[in-house]
Amino acid sequence: MIDIDQLAKRFENISKEIGEATLVAVTKYSDVREINVAYDIGHRDFGENRVSDLETKAKAFRQENRDGVRWHFIGHLQTNKVSKLIKIHGLYAIHSVDSEKLLREILKYKEDILSPISLFFQVNTSGEKEKGGFEDYESLKKAVANLLKLSSTSFLFEGLMTMGTYRTEHKDEEAKRCFKLLKSYGDKLKEDFKLDEVKLSMGMSDDYKIALKEGSDLVRVGSLLFK
Numbered sequence: 002m003i004d005i006d007q008l009a010k011r012f013e014n015i016s017k018e019i020g021e022a023t024l025v026a027v028t029k030y031s032d033v034r035e036i037n038v039a040y041d042i043g044h045r046d047f048g049e050n051r052v053s054d055l056e057t058k059a060k061a062f063r064q065e066n067r068d069g070v071r072w073h074f075i076g077h078l079q080t081n082k083v084s085k086l087i088k089i090h091g092l093y094a095i096h097s098v099d100s101e102k103l104l105r106e107i108l109k110y111k112e113d114i115l116s117p118i119s120l121f122f123q124v125n126t127s128g129e130k131e132k133g134g135f136e137d138y139e140s141l142k143k144a145v146a147n148l149l150k151l152s153s154t155s156f157l158f159e160g161l162m163t164m165g166t167y168r169t170e171h172k173d174e175e176a177k178r179c180f181k182l183l184k185s186y187g188d189k190l191k192e193d194f195k196l197d198e199v200k201l202s203m204g205m206s207d208d209y210k211i212a213l214k215e216g217s218d219l220v221r222v223g224s225l226l227f228k
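For what it's worth, this note's numbering labels the leading residue of the sequence shown as 2, then goes sequentially.
These aren't lab readings, by the way, just hints derived from the structure by calculation. As the structure is a computational prediction, the values presented were derived from the model and not from experiment. Certain hints may be false.
Derived CB-CB ranges, DEER-like [as the list claims (entries may be wrong)]:
(1) Ala9 - Ser84: 34 to 42 angstroms
(2) Lys29 - Asp6: 22 to 30 angstroms
(3) Asp4 - Lys191: 23 to 31 angstroms
(4) Tyr30 - Ala9: 13 to 21 angstroms
(5) Ile114 - Asn66: 36 to 44 angstroms
(6) Lys130 - Arg34: 37 to 45 angstroms
(7) Arg105 - Arg168: 25 to 33 angstroms
(8) Lys109 - Glu56: 30 to 38 angstroms
(9) Thr169 - Ser84: 32 to 40 angstroms
Here a beta-carbon is modelled for each residue, glycine too, at the ideal position from N, C-alpha and C.
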């Protein structure tokens with residue numbers, strides 16, 4: 002049974018902590034009932050890691066006429082899943098554009114989009130081999146340039162995403178280093194392309210407080226909300 006009061010309190014507490022940043026409530030281990038409760042208390046930004054799970058949850062919300070949900074895809078995206086993902090009703094953003102190959106695949110569907118979808122380019126700031134993402138500024142800059150020159154109204158360059166180091170004895174220090182690096186890349190992109198804003202999607206349940214201090218605009222929190 003879902004404790005609505007406790008769930009609402011957790012959302013309220015973290016929302017107060019993050020201030021003006023966006024709380025993307027990660028629903029990886031949550032069912033539709035829990036997400037419905039979060040929706041009923043006023044939350045609208047939800048993140049999902051798998052295309053199939055997002056399809057199921059978004060479909061359930063649409064059938065119940067729950068409008069205004071902003072779905073954020075935050076997991077690794079395979080090129081063969083792109084066509085399914087971009088058809089999902091309410092898809093607001095893709096946080097894991099991790100290569101030019103994936104970007105090219107996404108852009109194939111620019112004529113099929115009914116509502117603009119925001120794209121975040123994933124950067125591998127930790128250097129860990131198991132993570133995807135652009136590994137240096139020049140490759141990132143090239144990919145961003147390729148998107149911007151299209152002046153697409155379907156896919157919009159929104160910003161950058163990263164994750165802190167997974168395995169380290171100095172997790173907080175390493176997270177801070179990763180987030181500082183992403184912030185520096187965002188600042189360089191603003192300068193190089195004369196952009197007003199490059200949003201930063203960084204920080205999860207165990208390091209979102211560090212990310213906020215380093216300038217995060219969106220934090221992806223799951224286990225602290227849905228227990």
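Q: List, from low to high, the hint numbers that the structure doesn't satisfy.
A: Checked against the structure, the hints that fail are numbers 3, 5, 8, while the rest are satisfied.
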